[in-house]
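**Student:** As a plain string of letters, each chain reads:
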Amino acid sequence: MAQQLAMVIDAAKCIDCKGCVAACKVANDVPTGQWRNWIKPTVEEVPIPGLLKSKPKFQPGACMHCENPTCVDACPTGATYKDKETGEVVINNALCIGCGNCIPSCPYDARFRNEVTRKADKCNYCPERRAAGLPPACVDTCPTKARVFGDINDPESAAGILYRKNKDRLTRISARTDTKPNMFYVGDPGHGDWGGEAVVPASMVAMKQSAPLIKGIVGLSGLGVLAMLGRQLLVGSDAEHKEDSDA
Amino acid sequence: MSRRDFFRASGLVAAGAVGGPALLGGLTKARAATPAAPAWESKFSACDMCFNKCGLIAQVEDGVIKKLDPNPKFLKSRGMLCARGNAGLAQVYDPDRLKHPLLRKGERGEGKWQRIPWDEAIDMAAQKMEETRKKYTPCGHLFSAGSDLHSQFVGRFAEVYGSFNVTSHESLCLVSGNRAFLDTYGEVPFPDVLNSKYIVMAGANRFEALVTPDSIDLMTAMREHGCKLVTLDPRYTKTASLSDEWYPIKPGTDMAFMLAVAHVIIGEKLYDPQWIEEKTYGIEQLTEHVRQYTPGFAAEECGIPAEAIARIARELAAAAPASMIYPGRRTSDYEDSTQIRRAFAIVNGLLGNWDRPGGLLAARAVGLKGVPYDAPWYDENQEDRIDADKVPMMFEHEGSFLVTRDSVLADDPYPVRGWFIYKTNPMGTAPNRRKTIEMMNKMDFVTVVDIAMSDTAWYADLVLPSQSYLERLDPCSGLQGSVACACVVKRDPIIDPLYESRSCFDIMKDIAGRMDLGEYFDFTIEEFRKKQTREIPEALEVMDRDGVYYNPSKVYGIYEGRIYKTLSKKIELYNQRYEQMGLDPLPIYTPPTKVPKNQFRLVLGRNAMITQSSTTNNALLHQFIPSNTLWLNPDAALSLGIKDGDLVEVSSSVGRQELRAEVTKKIRKDTVFMLSGFNTLSTMQSLSHGNGASINEVLEDDYDAVTGNASMHTTFVTVTRKVA
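Heads up: the sequence lines are chains A and B, in that order.
Residues in the first sequence are numbered consecutively from 1, following my numbering.
Residues in the second sequence are numbered consecutively from 1001, following my numbering.
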């Protein structure tokens, strides 16, 4: 079986220390004010003093490397794709034109346009770190090890063990568009009503679903766009990009 | 996931390569090949973003630190690094860092500086210190150092210089709690959180104010071992929200709660009589003493139902000895802090948890030795510290900053006119900032060694740039963490020191050299380390290999067959020494001063992104905590006409500040809260200057009657909406 890299998270263990968020920012040079991962607090009324309901109060998250990634459908150049071997949703920076289509297409708000690179950005499970034999930065640094990462199809990996052990009570974030995210929460994930609806341009959906010929054309146009991008990078002008900032 | 697991997984990743959609086949594959592993060099160090010294691995590329990762072999921090630890880079590469020696040109606090060469700076520091010593005797010079591995050299310098006047940060933090436990058990314990089954946490916020390994172990104990956590806090903190039970206790009434718990345990004979008989002293007196403190009485005081108090007492006793009243660190709270914490210590005594799994642990052998020296004797000197005899049981090596400050201001009993400060920031951490400014103004010459222009540096005469923890060579340090370990760490330079920064040791050594005190600094840090590790000679090598050395010393049962270092040679429920000194031998409850009408009690607290005043100017952490707010209960806000986000003025008898109100049910109606470290005076802290409010400008400077520990929860403030 191919791999499926995933995160298995015990949200009840999260203490909202922001260690994972800080680690990710440093490891991935995420620009000031932008974030690849997060901890969502449960918006709750302060309870009546005394016994508290044992519910997760903080929910760690990031790109969920979905089974049915709507962002892939939204990408006009094929820059975003689901890797068949690892199950990751990958952004090929060389192909990304920064069009921003993929951003609303993610029901979990996991994508943003990197202010510096002007391309789509999101969690990529820290491939450089993995190549060096290190876990993703957020997982490595997590004090309570609420975040566990690995190949859930490998029954011997830490993620695989946790995945199997809790098989019956694993939950996913319930978004209005169910993309089958590969981020599994052990038991109650905390409040789950924030997952939105994927907004994919209709034209993109049509194209993605039509004949391979069209796909080929899309690919070629992607190449054209790439050429344009290359030219743009060579010429390089800040003023031209001003309108991007509100995307 | 263990590293080994990970290697397997990543191997598969590499083997699988990255496919890519068919349509762009070849191109995609070529472009999006598996990223190469970074050309990192991994170097061990220990974090210095707070006092915990968590083990880390610095990833360095071309002399630049790219990332700080946890050292998985470092048990004290359980292989983690928090947000502050990750933000270490932003501290080292902070554009606001001090870059070269600066000499004040204008008035104090005016911010006019002149860059001077190091030679001139050292000459000047030595000359001014000589002058002070000659004019005011050696004790006419004060030395203050924060929690740092080089701080011991400041203590050494003070001693060879001849001054008894050394203060640390601790009297603004935890000394009253240490006093209370020391005077009950003969030493300060380490809570065995990991193995505990029931924990009552009062006056601590362990999921936000991170202490390793306690914060992490607490979650493991709760989630994996079924430990129950009961939190008493006037705020609904993250710790409170993750607890099994939370009570918004009325501030200042913790002692009533603890005495009532003791009342129930004793009254219902829930303790182990044999243990109490063999190990403790004073059960009869305690029994008599707590008779009056019924759960009903405590309920009136604390605002916690009597049934809950009685039930918690019974549950604690049922889980004993694997249960505890968590000792905590926030002891800088009231004028009877030591006695409040004695009540905590006494309940632990009744639970019989000392030196046993899930209870309070004795210090383990770490193996490091001190490096002794003979300080010279100065005939012309004062008899004692300037803060001596003003409180009965101060810690000599920590001093009392507030008592010292009052004494300096009053020249009582003698004048102090010189001040040397390293890596501590009393202007930013001590209550009543105006008094600290007055104290500064009284000084002939103030030298500050720091990496940043703190408010204390901002009011100094000479400011010397020191090296950050990732640039310098540190002596070894022994650490202990619950059952995790008794270990030794050291720090080697990870990168070349930036700018003209020098280590505090080198600075001390140079100044001493110009004052004929060179013989006391006639060694290198490497030589010093060798002396420290003379009984564990393998330690240095092991630290090179693992980043940490563990001493395989005993964890439990250290006190089997051993006597306690108290007068009765037992755990003193009733403290005989206090009795001899005229202090209450058993804690007597006095209700806190009633909050005056239309006022609020100002309380302080920590969060995981703030270390006192040293992280609010950190560019990474600033993104998480851009400013501070005043927590205000909605009912109080309504009666004051204040809406969430309004600008409000907070004023006390000593000062006033403005900040935004955060209207939240997470705080009691009679209490307000704000974070520390904001609104610095120093404009060279560009993110924290003029941002939010300074809590120490507003806090009044009362202190604990036993230790001189600042009591930070005794200030009442008025809050008004600021009309634009």
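Keep in mind the hints are simulated off the structure, nothing from the lab.
Just so you know, not all the hints are guaranteed correct.
[To be verified] Chain B is faced by these chain A residues, among others (derived, beta-carbon under 7 angstroms): (1) Lys-13; (2) Ile-15; (3) Ala-23; (4) Ile-48; (5) Pro-49; (6) Lys-55; (7) Pro-76; (8) Gly-98; (9) Gly-100; (10) Pro-104; (11) Thr-141; (12) Gly-187; (13) Asp-188.
[Unchecked claim] Cut-off 27 angstroms, straight-line C-alpha distance, at most; resulting in silico cross-link-like pairs (DSS-like, lysine-lysine): (14) Lys-1569(B) with Lys-40(A); (15) Lys-40(A) with Lys-1073(B); (16) Lys-1128(B) with Lys-40(A); (17) Lys-53(A) with Lys-1105(B); (18) Lys-1570(B) with Lys-53(A); (19) Lys-53(A) with Lys-145(A); (20) Lys-1105(B) with Lys-1073(B); (21) Lys-1569(B) with Lys-1554(B); (22) Lys-55(A) with Lys-1105(B); (23) Lys-165(A) with Lys-180(A); (24) Lys-1228(B) with Lys-165(A); (25) Lys-1105(B) with Lys-145(A); (26) Lys-1105(B) with Lys-165(A); (27) Lys-53(A) with Lys-1669(B).
Glycine residues also receive a C-beta, built at the ideal position from the N, C-alpha and C atoms.
**Student:** Please flag the earlier hints that this structure goes against, numbers listed from lowest up.
**Tutor:** Hint check: 4, 6, 7, 8, 9, 10, 12, 13, 14, 15, 16, 17, 18, 20, 22, 25, 26 fail, others pass.
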